Structure formats: C-alpha cells, structure tokens
Amino acid sequence: MKNIIEVIKADKRIIVFIGIAVVIILGGSIYAYYNSEEKVIERLVKENPRGEEFAKIIADSQSKLNESGLSLKEKIDALLSSAVAKEALGDRKGAIEDYKAVLELNTAHPIARNNLAGLYTLMGRYEDAEYQYLAIIATQPKIFEGYIKLAELYSGYFKEKESLVPAVLSYAIEQNGTQPAFVEKLAQYYYDKQLYVQALEQVERLLQIDPSSEFGKAMIEDIRQKS
Numbered sequence: 002m003k004n005i006i007e008v009i010k011a012d013k014r015i016i017v018f019i020g021i022a023v024v025i026i027l028g029g030s031i032y033a034y035y036n037s038e039e040k041v042i043e044r045l046v047k048e049n050p051r052g053e054e055f056a057k058i059i060a061d062s063q064s065k066l067n068e069s070g071l072s073l074k075e076k077i078d079a080l081l082s083s084a085v086a087k088e089a090l091g092d093r094k095g096a097i098e099d100y101k102a103v104l105e106l107n108t109a110h111p112i113a114r115n116n117l118a119g120l121y122t123l124m125g126r127y128e129d130a131e132y133q134y135l136a137i138i139a140t141q142p143k144i145f146e147g148y149i150k151l152a153e154l155y156s157g158y159f160k161e162k163e164s165l166v167p168a169v170l171s172y173a174i175e176q177n178g179t180q181p182a183f184v185e186k187l188a189q190y191y192y193d194k195q196l197y198v199q200a201l202e203q204v205e206r207l208l209q210i211d212p213s214s215e216f217g218k219a220m221i222e223d224i225r226q227k228s
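Count along the sequence shown starting at 1, add 1, and that's the number in this note's numbering.
These are calculated hints, taken from the structure and not from any lab test. Warning: the hint list may mix true and false statements.
Below, in silico cross-link-like pairs of lysine to aspartate or glutamate (EDC-like), each with a Cα-Cα straight-line distance of 16 Å or less [unchecked claim]:
#1 K227 <-> D211
#2 K194 <-> E128
#3 K76 <-> E39
#4 K65 <-> D78
#5 K143 <-> E175
#6 K162 <-> E128
#7 K227 <-> D193
#8 K94 <-> D129
#9 K101 <-> D78
#10 K94 <-> E175
#11 K76 <-> D61
#12 K76 <-> E53
#13 K160 <-> D211
#14 K218 <-> E202
#15 K186 <-> D211
#16 K94 <-> E39
#17 K186 <-> E146
#18 K57 <-> E39
#19 K186 <-> E202
Given the structure is predicted, the values throughout are model-derived calculations rather than measurements.
Make a model of the complete structure from these sequences and hints.
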C-alpha cells in the first residue's frame with residue numbers, strides 16, 4: 002500500500018503555504034490600535050474573565066525569551082506557554098506565530114503542530130490543518146492522535162477528502178499494527194463511532210498480539226452482545 006502521504010498528494014496535492022505578507026492600510030489610528038500585538042492582547046484581556054491570568058503568562062514568557070543563554074528547551078517551553086495562553090485568550094494570530102516559532106526550533110514538535118492544526122481547523126483553513134497532521138504522521142508515526150485527527154478533519158470538515166479516511170486508518174494499522182496500546186486505541190475509536198465490525202477486527206488483532214488483554218476480552222464480549 003502506498004504511504005498515506007503519497008495517496009493524499011496524488012488526490013489533490015499538498016500545498017505548503019509560504020506566507021505572503023499582506024499589509025492592508027486602512028488609515029487612521031483605530032486600525033493601528035486594534036491590530037498591534039500589545040493592543041490586541043490588552044483588548045482581549047478586558048473581554049476574557051481569565052484575561053489577567055493569561056496576560057501574566059504571556060508577559061512572563063516574553064520576559065523569559067528576552068533572557069540570554071537560554072537552552073533550546075527553555076526557548077520552546079516559553080514559546081509554547083505564550084502560544085497556549087494567547088490561544089486561550091482568543092489571540093489566534095499571536096498563537097499561530099508562537100507555534101510557528103516553536104517549529105522553527107524543532108520541526109517535529111508534535112504539540113505545536115497539533116495545536117496549530119486545531120487552530121487552522123477552527124479558522125476553516127483545512128489544507129493548512131491537513132499539512133500539520135501529515136507532518137505529525139511523517140515525523141512521529143507512533144503518535145495515534147495524528148492519524149485519528151487527520152481522519153476526523155476529513156470526515157468532519159474537509160468533506161471533499163472524506164473518501165481518504167479508510168486509507169488514513171489503514172496506514173495507521175500498517176505502521177503500528179503490532180503495538181498493543183495503539184491497536185487498543187483504534188478499537189476504542191471504532192467502538193465509540195459505533196463501527197462495531199471494524200472495532201471487532203481490531204480487538205481480535207489485539208488479542209492475537211496480547212491474549213491476556215483485559216481490555217480486549219471485555220470489549221469483544223460487549224461487541225458480541227451488541228451484534
């Protein structure tokens with residue numbers, strides 16, 4: 002079977018967006034006020050019940066980043082803290098910039114890519130979200146959530162690619178079909194979706210790998226009762 006990334010490329014090609022800076026000049030100080038980073042945060046702080054808490058995290062993170070001699074981990078941790086706080090505050094643009102800054106330091110960082118994909122999904126930027134999930138699968142093939150979230154992106158939002166969901170999940174099995182924890186999660190995923198035939202297939206796979214699995218024994222009995 003083709004690598005899922007090759008399948009998706011063949012389907013409609015993956016577009017890697019190289020940002021084009023677009024400066025829209027509307028004139029007047031009001032636009033400048035609401036679109037400078039500090040003023041955006043200031044406004045959002047007033048609108049959010051936990052605004053002061055998030056603002057402090059952002060300020061502390063920025064202060065940390067201004068220190069000299071930081072390790073790579075310290076820089077990434079500070080940027081992630083800032084990104085998560087900005088996202089919670091409602092500053093999506095600022096959060097995206099911080100997540101991208103994390104990826105400049107560590108291109109395989111799964112949390113930054115996952116959170117970035119989530120933001121892009123909320124914003125309707127499905128091709129950008131797809132790219133992030135594919136990057137997780139390519140760099141961290143053992144992470145279960147990369148496959149599932151890509152499948153859910155296709156089935157719930159990116160409808161023109163919904164037909165690729167089986168290929169995504171089949172590829173997940175190809176890559177991790179001998180890992181009990183992964184197969185268990187996939188069985189639970191199918192079960193929660195009420196796809197009992199597929200869930201049963203994975204439970205049977207799980208019990209072949211680990212005959213003593215209590216999860217597998219309980220689920221197979223439950224599925225048979227539903228059949």
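Now for the hints, and whether the structure bears them out:
1. K227 <-> D211: 23 Å, violated
2. K194 <-> E128: 25 Å, violated
3. K76 <-> E39: Cα-Cα ~21 Å, so violated.
4. K65 <-> D78: 10 Å, holds
5. K143 <-> E175: 11 Å, holds
6. K162 <-> E128: 10 Å, holds
7. K227 <-> D193: Given that 16 Å is the threshold and the Cα spacing comes to 13 Å, the pair holds.
8. K94 <-> D129: 14 Å, holds
9. K101 <-> D78: Satisfied, since the Cα-Cα distance of roughly 13 Å is no more than 16 Å.
10. K94 <-> E175: Roughly 37 Å between the alpha carbons, so the hint for K94 and E175 is violated.
11. K76 <-> D61: 12 Å, holds
12. K76 <-> E53: 23 Å, violated
13. K160 <-> D211: With a Cα-Cα distance of about 36 Å, the restraint between K160 and D211 is violated, given a limit of 16 Å.
14. K218 <-> E202: Satisfied, since the Cα-Cα distance of roughly 13 Å is no more than 16 Å.
15. K186 <-> D211: Within the cut-off at roughly 14 Å; holds.
16. K94 <-> E39: With Cα atoms ~12 Å apart, K94 and E39 stay inside 16 Å; holds.
17. K186 <-> E146: 9 Å, holds
18. K57 <-> E39: 13 Å, holds
19. K186 <-> E202: Status holds; Cα separation ~13 Å.
The earlier numbered hints that this structure contradicts are 1, 2, 3, 10, 12 and 13.
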